[in-house]
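Could you build all of it, start to finish, from the sequences and the hints given here?
Protein chains in written order, with the UniProt record's numbering: chain A, 1 to 434; chain B, 1 to 434; chain C, 1 to 434.
Hints in this document: simulated from the structure, not taken from any laboratory.
Just so we're clear, the structure is a prediction, and the values are computed from it rather than from any experiment.
Beta carbons are placed, not taken as given, at the ideal position from N, Cα and C, and that holds for glycine.
Please note that the accuracy of each hint is not assured.
[Stated by the list, open to error] Quick list of simulated restraints, FRET-style, between CB atoms:
id	chain 1	residue 1	chain 2	residue 2	range
1	B	Lys248	C	Tyr175	57 to 63 Å
2	B	Asp361	C	Ile386	51 to 57 Å
3	C	Val20	A	Ser408	27 to 33 Å
4	C	Tyr175	A	Ser408	32 to 38 Å
5	A	Pro394	C	Leu17	18 to 24 Å
6	A	Phe374	C	Lys248	45 to 51 Å
7	C	Asp361	B	Trp9	54 to 60 Å
8	B	Val341	A	Arg31	38 to 44 Å
9	C	Pro394	B	Ala378	43 to 49 Å
10	B	Trp9	A	Leu17	55 to 61 Å
11	B	Ser408	A	Val20	51 to 57 Å
[As the list claims (entries may be wrong)] Calculated cross-link-like contacts (lysine to aspartate or glutamate; reagent style EDC-like; alpha-carbon spacing at most 16 Å):
id	chain 1	residue 1	chain 2	residue 2
12	A	Lys249	B	Asp407
13	C	Lys249	A	Glu412
14	A	Lys249	B	Asp37
15	B	Lys216	B	Asp37
16	A	Lys340	A	Asp361
Listed below, chain by chain, are the residues.
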Amino acid sequence: MIWNTNLRWRLPVTCLLLQVALVVLFGVFVRYDLDADPHWIGRQGDENTTSDMENEFYYRYPTCTPPAPGLPCGVQGLLPQPLAKGAVAVAWATGRPLGLINADFCVGSVCVAFGAVLGKVSPVQLLIMTLFQVTLFSVNEFILLSLLEVKDAGGSMTIHTFGAYFGLTVTWILYRPSLHQSKERQSSVYHSDLFAMIGTLFLWMYWPSFNSAVSKHGDAQHRAAINTYCSLAACVLTSVALSSALHKKGKLDMVHIQNATLAGGVAVGTAAEMMLMPYGSLIVGFICGIVSTLGFVYLTPFLESRLRIQDTCGIHNLHGLPGIIGAIVGAVTASCASAKVYGIKGLANFFGFDGFKTSWDSSMQGKFQAAGLFVSLAIALVGGIIVGVILKLPFWGQPADENCFEDSVYWEMPEEPKSTALHPEDSTLKPAEP
Amino acid sequence: MIWNTNLRWRLPVTCLLLQVALVVLFGVFVRYDLDADPHWIGRQGDENTTSDMENEFYYRYPTCTPPAPGLPCGVQGLLPQPLAKGAVAVAWATGRPLGLINADFCVGSVCVAFGAVLGKVSPVQLLIMTLFQVTLFSVNEFILLSLLEVKDAGGSMTIHTFGAYFGLTVTWILYRPSLHQSKERQSSVYHSDLFAMIGTLFLWMYWPSFNSAVSKHGDAQHRAAINTYCSLAACVLTSVALSSALHKKGKLDMVHIQNATLAGGVAVGTAAEMMLMPYGSLIVGFICGIVSTLGFVYLTPFLESRLRIQDTCGIHNLHGLPGIIGAIVGAVTASCASAKVYGIKGLANFFGFDGFKTSWDSSMQGKFQAAGLFVSLAIALVGGIIVGVILKLPFWGQPADENCFEDSVYWEMPEEPKSTALHPEDSTLKPAEP
Amino acid sequence: MIWNTNLRWRLPVTCLLLQVALVVLFGVFVRYDLDADPHWIGRQGDENTTSDMENEFYYRYPTCTPPAPGLPCGVQGLLPQPLAKGAVAVAWATGRPLGLINADFCVGSVCVAFGAVLGKVSPVQLLIMTLFQVTLFSVNEFILLSLLEVKDAGGSMTIHTFGAYFGLTVTWILYRPSLHQSKERQSSVYHSDLFAMIGTLFLWMYWPSFNSAVSKHGDAQHRAAINTYCSLAACVLTSVALSSALHKKGKLDMVHIQNATLAGGVAVGTAAEMMLMPYGSLIVGFICGIVSTLGFVYLTPFLESRLRIQDTCGIHNLHGLPGIIGAIVGAVTASCASAKVYGIKGLANFFGFDGFKTSWDSSMQGKFQAAGLFVSLAIALVGGIIVGVILKLPFWGQPADENCFEDSVYWEMPEEPKSTALHPEDSTLKPAEP
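What follows is the structure in structure tokens.
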């Protein structure tokens with residue numbers, strides 16, 4: 001018997017067949033349950049018990065764990081927390097009270113940007129960068145949510161697109177021509193497999209709760225969780241299929257699986273609370289899995305060699321591109337909103353359209369959503385250039401090229417003992433057993 | 001002073017004394033609080049405020065984190081997610097809307113079965129196996145919950161018994177006679193201590209929320225969490241006692257502690273939402289800790305050498321046997337249900353017995369519970385044989401014996417750098433400090 | 001260009017400037033939102049919908065994950081669980097029903113004490129110590145909460161102060177003069193970087209839910225989460241600043257960051273549910289970050305060399321001192337309570353003062369809070385001495401000095417294979433690829 005373990009065609013084809021079957025099944029059969037539908041008026045349909053809190057969602061599903069967005073940055077993910085609180089303070093100062101969840105979304109955006117520069121900047125630079133980004137995040141969020149009245153529950157625009165392109169612009173300004181030599185060390189130090197895998201699993205688990213955290217109570221929160229979940233599921237199949245198809249022996253690449261599997265959650269962010277439909281979410285996840293995996297294989301090397309953008313953790317593929325996809329999906333979904341789908345009451349309640357505001361229509365909402373994307377990109381690019389130039393000033397303790405990706409430059413490291421930590425029985429100081 | 005660190009008798013005796021004291025104390029003194037009792041009619045007992053959502057449970061306890069069941073399988077735990085969504089779709093197609101939590105329970109069942117075959121099959125085989133198992137899981141669940149009207153909140157039968165015996169049957173069909181030689185590698189690769197420990201702690205923490213996730217609102221969900229918690233606690237003491245007693249120097253075995261401590265959660269699955277009583281849960285955990293630890297020490301080697309069942313992760317001890325115990329405990333507890341214990345309203349509400357359906361009685365419910373166990377076992381065995389034969393077909397990319405438990409066959413691995421990832425300061429490329 | 005990566009003054013100054021700006025901004029602008037204010041009477045202010053469950057908190061924030069306190073102790077954190085259940089049983093026996101959350105708080109206290117003795121005692125000693133500590137914890141909690149009617153939602157006194165000084169007294173009695181030689185092994189074995197980092201991140205995330213878990217429903221729970229969050233955020237900045245300032249090259253110490261960043265959560269425990277105000281929480285976190293980091297640098301070595309207290313994990317800095325600070329902050333905050341701040345109804349509701357109990361006033365509450373601290377310390381010291389003496393008895397299997405911090409004394413370890421677990425492709429048994 002010949003053992004042929006090259007899965008280059010078998011694995012992708014199996015995945016794609018399953019994917020197509022899934023979309024067809026969902027498209028033909030699956031609709032939102034009553035609890036996740038804008039026509040929702042309480043479980044029993046009884047006036048006396050009408051309450052969003054009676055929604056099945058609150059009996060069964062977890063709620064958002066605020067600081068989780070900082071998880072993949074490790075301990076450095078704690079740094080932006082105090083400054084994001086400052087943004088909350090300033091928001092109060094200007095008469096627009098914000099909750100702590102907004103601060104967490106801000107932390108998420110900062111951690112995304114960190115992913116582009118980690119290992120190449122000093123802790124002081126991280127703090128300065130955070131200070132500016134928190135300010136810009138708040139300005140951008142204010143323009144989008146309050147002036148343009150854009151919907152962006154999962155933050156495809158405010159968190160991911162803004163964070164990613166801000167970080168990429170900063171790292172473009174901080175370009176180090178001779179850094180590509182240490183690429184090998186970069187991947188081994190910063191992609192510690194075990195930690196990244198735990199991070200991926202937890203983000204995967206909590207993403208539905210992120211995307212539903214600031215939605216309107218009741219059916220909108222419920223729907224946001226369902227849509228996110230469907231998109232993430234589709235993204236897994238696509239990433240596995242493409243990762244295998246792009247390797248000459250059909251092997252899977254851990255970096256693709258760890259990152260591209262999450263891209264579906266980003267791409268469904270804006271539209272998650274809308275009537276995207278479960279099969280729509282599957283299609284979004286499918287497209288995003290393709291784009292994200294292709295990005296890791298072809299775009300990241302191109303950005304580094306031609307555009308001089310050194311993207312440490314590949315945030316362009318996990319946050320940049322999926323964020324833009326998410327914004328576009330949101331604009332399209334919003335421009336398709338109708339009283340037929342949401343119900344008249346549901347439409348008014350969801351889009352803040354109260355029946356008297358006759359000027360509102362869905363195509364206008366769609367255009368404003370699109371405008372939100374361009375505003376986010378503009379603020380990210382202009383802000384990133386300014387902050388990058390500031391960070392180039394020579395007194396922030398930036399590391400030399402040889403010290404990049406060396407934790408020991410800024411961290412006191414213990415002397416490595418002769419014995420390994422996990423197997424202390426090999427210690428040279430062998431105990432005499434009684 | 002002589003330092004005698006052999007705890008072979010001292011540790012087990014201490015544990016057992018504490019265990020007995022615990023059961024006696026609970027048996028004599030502890031009863032369910034109002035919030036976890038079927039007589040529950042709202043906190044103030046006031047008609048106007050009667051609401052399950054007012055139950056203390058929702059103010060204090062966490063709710064289920066859907067995809068957590070996949071945690072111990074690592075990134076491979078994400079694979080069944082899309083296919084389980086497909087089962088949801090098919091369920092909708094046949095007019096029985098299912099929620100996403102059901103899909104997660106299905107994922108849990110698939111991940112249990114994965115535990116028997118991990119390291120010996122290709123990703124394509126995992127996908128094919130998932131496709132069939134998802135179908136069989138749905139059929140089995142439909143027969144149990146809809147036709148037999150069995151109660152199985154924590155899935156002792158539908159998730160654990162079915163998943164474990166399905167997986168064991170598949171690995172029995174896929175038997176590899178010359179694989180036992182690589183046993184050492186198997187344990188070192190697949191039981192990476194740190195990751196397994198984190199997995200155990202998180203599963204331990206979330207198990208009460210799994211077992212209560214699909215129970216009826218209010219007191220039933222509250223009771224399910226309490227019972228699961230008590231059973232898990234008892235299981236810890238028993239596993240520690242027995243693990244030490246079975247080692248010639250009284251040492252603890254990490255594999256027993258990591259696995260047997262969780263078995264109590266499986267064994268209390270079916271009966272968790274019933275009036276099992278806290279001391280009853282302790283006794284279930286106690287029995288299950290013994291059975292599971294003995295299984296690891298004596299049964300797994302026997303299964304491998306005599307029955308040709310190669311159980312990679314020992315799922316028979318964590319899911320198979322505890323699942324059967326759970327089904328039996330559920331049948332016995334159900335057959336003891338009475339209006340005295342549940343209240344007339346509570347009994348009708350809990351078992352769906354509405355006071356007019358005169359044919360229902362508790363002994364009949366008990367018999368149907370027992371029937372549910374046999375149906376689950378039958379579907380698992382027959383299905384496992386069929387799927388095993390399909391997986392033996394030579395074009396699924398199955399690895400040769402020498403490649404089993406080698407991640408590098410299907411995963412692109414980075415070249416290992418000279419320096420270790422955790423201590424980059426030892427790198428040969430030593431930076432010149434300024 | 002000269003690359004000066006010594007951040008000794010730049011990093012601390014940046015952090016402190018940000019810290020001051022944060023406190024000023026919060027002090028001038030930020031007040032509690034309606035949902036976190038004791039004047040809270042339901043979202044719409046409408047009598048018909050008045051319900052604590054309508055509080056925004058329950059729609060957005062996570063609830064406590066019971067056994068999480070045991071996380072940093074690893075698998076050993078599961079050991080106290082069954083015994084803490086025993087305390088619940090005894091509490092029921094004496095007519096004071098306790099919930100499982102109390103049992104978890106008890107587990108937290110035991111795990112704190114474990115931190116002082118880990119690696120120097122046998123599993124039997126841990127069980128005996130747990131048995132006594134659970135009893136003493138219940139007695140102390142009964143005196144504080146039921147007799148003195150002290151408020152201690154986050155357990156600064158009952159969990160942290162009591163647990164830490166109990167553990168420190170036990171380790172003082174168990175002093176081993178020749179143990180300081182193995183200090184190097186201690187730090188490498190017990191501070192496994194990766195695991196500690198994951199532990200820190202999860203505790204940081206869940207601390208707001210711990211501190212709010214047993215508060216009164218509605219605004220008090222909401223406020224407890226906000227205050228804890230602010231204190232933790234301030235603590236991060238201070239720890240980073242001081243850790244850098246105390247190193248001769250301005251480097252950060254991982255031990256400080258992993259521990260001192262959490263101290264803010266301990267120090268705000270008692271007062272978290274009170275009207276501490278967000279800026280008050282920032283100040284508490286600021287002070288506590290300083291005290292905790294200084295403790296690691298100067299106090300722990302002093303305790304070991306002069307007072308013969310060998311504090312394995314530095315619990316004095318993370319739980320002992322912050323616990324005392326928390327108790328003092330709580331006493332001061334309580335003695336400042338007034339009808340103006342809480343509202344007349346809010347004051348009566350929060351402090352259990354019903355308007356008729358004319359003898360209650362805030363200064364008396366403050367004095368009782370202070371008394372609670374001294375009771376906790378007294379029970380911890382006296383109890384610790386007695387338990388320490390009992391643990392010195394020669395038949396509990398205590399390890400010899402040479403065996404301390406050696407897991408292999410009590411745990412069966414697998415033979416270490418030639419190949420490393422993470423890179424199985426280097427195995428000597430190289431597979432022949434087809």
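Fill in: Broken hints, by number
Numbers 1, 9, 11, 14 - these are the hints that the structure violates, sorted from lowest upward.
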